[in-house]
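Enquirer: Here the protein sequences come in this chain order: F and B. All the letters of the first sequence, read from the start, carry residue numbers 1 to 349 under this note's numbering. All the letters of the second sequence, read from the start, carry residue numbers 1 to 349 under this note's numbering.
No lab work stands behind these hints, which were simulated from the structure alone. Do not rely on the hints blindly, as some may be mistaken.
The list makes no distinction among identical chains, and a pair is therefore deemed to hold if it is satisfied within one copy or across any two copies.
[Claimed, not checked] As a list, the in silico DSSO-like pairs of lysine-lysine whose alpha-carbon atoms are at most 27 Å apart:
(1) Lys232 to Lys297
(2) Lys173 to Lys70
(3) Lys200 to Lys215
(4) Lys120 to Lys76
(5) Lys344 to Lys152
(6) Lys2 to Lys331
Protein chains: 2
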Amino acid sequence: MKVKAYASHGEKEDLKQIEIDRRDVGENDVEIDIHYCGVCHSDIHHVQGDWGDAPRPAVPGHEIVGLVTKVGSGVKNHKEGDKVGVGCFVDSCRTCNPCENDQEQFCSDGTQTYGSKDKKIEGNHTFGGYSEKIVVDENYVLKVPEKLDFKKVAPLLCAGITTFSPLNHWNVKKGDKVGVVGLGGLGHMGVKLANAMGAKVTMITTSPGKAEDAKALGATDVLISKDEDAMKKAAESFDFILNTIPVGHDMNPYVKLLKIDKTMCLVGAIEDLDPLNGANIILRRKSIAGSLIGGIKETQKMLDFCAENNVHPDIEMINIQDINKAFERVKGNDVKYRFVIDMKSLKEA
Amino acid sequence: MKVKAYASHGEKEDLKQIEIDRRDVGENDVEIDIHYCGVCHSDIHHVQGDWGDAPRPAVPGHEIVGLVTKVGSGVKNHKEGDKVGVGCFVDSCRTCNPCENDQEQFCSDGTQTYGSKDKKIEGNHTFGGYSEKIVVDENYVLKVPEKLDFKKVAPLLCAGITTFSPLNHWNVKKGDKVGVVGLGGLGHMGVKLANAMGAKVTMITTSPGKAEDAKALGATDVLISKDEDAMKKAAESFDFILNTIPVGHDMNPYVKLLKIDKTMCLVGAIEDLDPLNGANIILRRKSIAGSLIGGIKETQKMLDFCAENNVHPDIEMINIQDINKAFERVKGNDVKYRFVIDMKSLKEA
Numbered sequence: 001m002k003v004k005a006y007a008s009h010g011e012k013e014d015l016k017q018i019e020i021d022r023r024d025v026g027e028n029d030v031e032i033d034i035h036y037c038g039v040c041h042s043d044i045h046h047v048q049g050d051w052g053d054a055p056r057p058a059v060p061g062h063e064i065v066g067l068v069t070k071v072g073s074g075v076k077n078h079k080e081g082d083k084v085g086v087g088c089f090v091d092s093c094r095t096c097n098p099c100e101n102d103q104e105q106f107c108s109d110g111t112q113t114y115g116s117k118d119k120k121i122e123g124n125h126t127f128g129g130y131s132e133k134i135v136v137d138e139n140y141v142l143k144v145p146e147k148l149d150f151k152k153v154a155p156l157l158c159a160g161i162t163t164f165s166p167l168n169h170w171n172v173k174k175g176d177k178v179g180v181v182g183l184g185g186l187g188h189m190g191v192k193l194a195n196a197m198g199a200k201v202t203m204i205t206t207s208p209g210k211a212e213d214a215k216a217l218g219a220t221d222v223l224i225s226k227d228e229d230a231m232k233k234a235a236e237s238f239d240f241i242l243n244t245i246p247v248g249h250d251m252n253p254y255v256k257l258l259k260i261d262k263t264m265c266l267v268g269a270i271e272d273l274d275p276l277n278g279a280n281i282i283l284r285r286k287s288i289a290g291s292l293i294g295g296i297k298e299t300q301k302m303l304d305f306c307a308e309n310n311v312h313p314d315i316e317m318i319n320i321q322d323i324n325k326a327f328e329r330v331k332g333n334d335v336k337y338r339f340v341i342d343m344k345s346l347k348e349a
Numbered sequence: 001m002k003v004k005a006y007a008s009h010g011e012k013e014d015l016k017q018i019e020i021d022r023r024d025v026g027e028n029d030v031e032i033d034i035h036y037c038g039v040c041h042s043d044i045h046h047v048q049g050d051w052g053d054a055p056r057p058a059v060p061g062h063e064i065v066g067l068v069t070k071v072g073s074g075v076k077n078h079k080e081g082d083k084v085g086v087g088c089f090v091d092s093c094r095t096c097n098p099c100e101n102d103q104e105q106f107c108s109d110g111t112q113t114y115g116s117k118d119k120k121i122e123g124n125h126t127f128g129g130y131s132e133k134i135v136v137d138e139n140y141v142l143k144v145p146e147k148l149d150f151k152k153v154a155p156l157l158c159a160g161i162t163t164f165s166p167l168n169h170w171n172v173k174k175g176d177k178v179g180v181v182g183l184g185g186l187g188h189m190g191v192k193l194a195n196a197m198g199a200k201v202t203m204i205t206t207s208p209g210k211a212e213d214a215k216a217l218g219a220t221d222v223l224i225s226k227d228e229d230a231m232k233k234a235a236e237s238f239d240f241i242l243n244t245i246p247v248g249h250d251m252n253p254y255v256k257l258l259k260i261d262k263t264m265c266l267v268g269a270i271e272d273l274d275p276l277n278g279a280n281i282i283l284r285r286k287s288i289a290g291s292l293i294g295g296i297k298e299t300q301k302m303l304d305f306c307a308e309n310n311v312h313p314d315i316e317m318i319n320i321q322d323i324n325k326a327f328e329r330v331k332g333n334d335v336k337y338r339f340v341i342d343m344k345s346l347k348e349a
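Just chain F, same shape as in the assembly (with noise of 0.2 Å):
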């Protein structure tokens, strides 16, 4: 089937327009039609191959939302008409030990939303959201909640789980004192998802005009990194911190700011970080870790999470032709706080 898409053609090169081959639906397939996608950081990394080479043509996009148009003959759990959501990848191998503990997202084997090799197509590569429409297996298809404004799910499939699944890992809960470093795309769910689960959020940030805005998103309190009175104040407060910093940067400073035997998980720096001092974590038996999205149940979990306690993401719609600003604008931090793409501007063009 061929559909419309956005697509790269190079490292350096503009998307624009093209036509794309979806495979036909097979017998546990579902063929969704694409109302919304998100744009999200690693789409702009991967197009610019900050990451290694991309497959070209190029077409990102892991934070999707439509509707099902066709459903394979095999498929139990979706039909046509339902809204349906697909996040960061689309298979895996349902057999390794990450597989049978629904940790998909760490399968050694599994198939990412766009750029993987597609072992369904010979010799082909996966397209992302940026297009018409999507066919996926239904067992990496997710179920949006009726209670969800459809327009603004899209970045729950990335920036939500991303960010839901350390909380939940970690069991933030009632009453803990969690720390949300850096307000992106990221930290700005992080804020929202660890008010609702019910802890008092501190919005931790290097600008003071980011201040109102944070609190504006759920956080009672902000610190600000670079004050360092309030630094020390604040040391050996929290219970859990956020780390979203999607670059390299000094792990130190927040270190501090975990009570004995609390956890800083990381969730955007993936390249070299400063260098920690071995006393901040072996002093107070402190721990940092890294967490990565979330497995498919874990992200359903999220998303009926966000309908029952109606948090959704702030977004800015956008026309499928803006797709090149709005990657200048997310490379400069410039959007409250993420991009989603109406798709209807695709399919009319």
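Position chain B relative to chain F; hints supplied.
Expert: For chain B alone, coordinates are given in the frame of chain F:
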């Protein structure tokens, strides 16, 4: 009470024999005739002023065993003639959260065995175990089980608990694959203890020459960290890694050895570590933690565990007159694996 001790009078001076004042036995105190005292690398750092100015005269020693010679009227748990031990601290506030949770090692107002302000004697600082006798509040005195070889017990009070505590805290159990990085005083106890807990222990070392020694201590495998092929083959295979390297180093190769969701715990490197690449923890939800000695209750548990499982450190017994030579050998990592001072040599001097 005047007792003989070995003390340092300056950062660059050898230790020599002096006389010090010990406080009289108070209501809750236990007077201990010191039989043996272990030599810990921390003793050297302390007298050299590596961790800040040390009050002089500096009498090191925090791996102390001996016999009770006198008890105060309020003492309930110890009596004359008991075999007892004293570790790295001799008092704490008893009211803070860590103290109330049997984690006195984290008390911010604790009294270290040597070089700390002595709250019981105005204006003085504490003197450690390189001396004939010590007087300690009974709550900070451990019972040495009969089954243990008394000559070898001393190093358990620091090297033993420092390695037992993280193995215990992170629930190392039968069948776990545990890596111990670094074969010194701490590392050799880590191998013995993890082995006694039923784990399959791999010694991870830079030196192929240490393979035989490691196996004699209880390691089933040896992994040479400079052998890139072997390190690749061992990737993602460990349930827990105890990292005893006492200086800054590159943690990345070791983190890669952990299974998904597992932890490497540092107990030695209280200084700057080389840059960690965030991807190594984020992409597989791994953790890097630290651990510091252990609380009194856990230290007693460790001593009882060692008695039950016949775990003793490998020691080299010395006379106190040889302490300065011993320090040089510790600095050159030339001891298998812990010096213990026979305090008879001081008493008879």
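Enquirer: Could you run down the list of hints and mark each one as holding or not?
Expert: Okay, the hints, checked on the actual structure:
no., hint, verdict
1, Lys232 to Lys297, "neither (40 Å within a copy, 31 Å between copies)"
2, Lys173 to Lys70, "neither (40 Å within a copy, 50 Å between copies)"
3, Lys200 to Lys215, "within (11 Å within a copy, 50 Å between copies)"
4, Lys120 to Lys76, "within (20 Å within a copy, 74 Å between copies)"
5, Lys344 to Lys152, "within (15 Å within a copy, 77 Å between copies)"
6, Lys2 to Lys331, "neither (31 Å within a copy, 71 Å between copies)"
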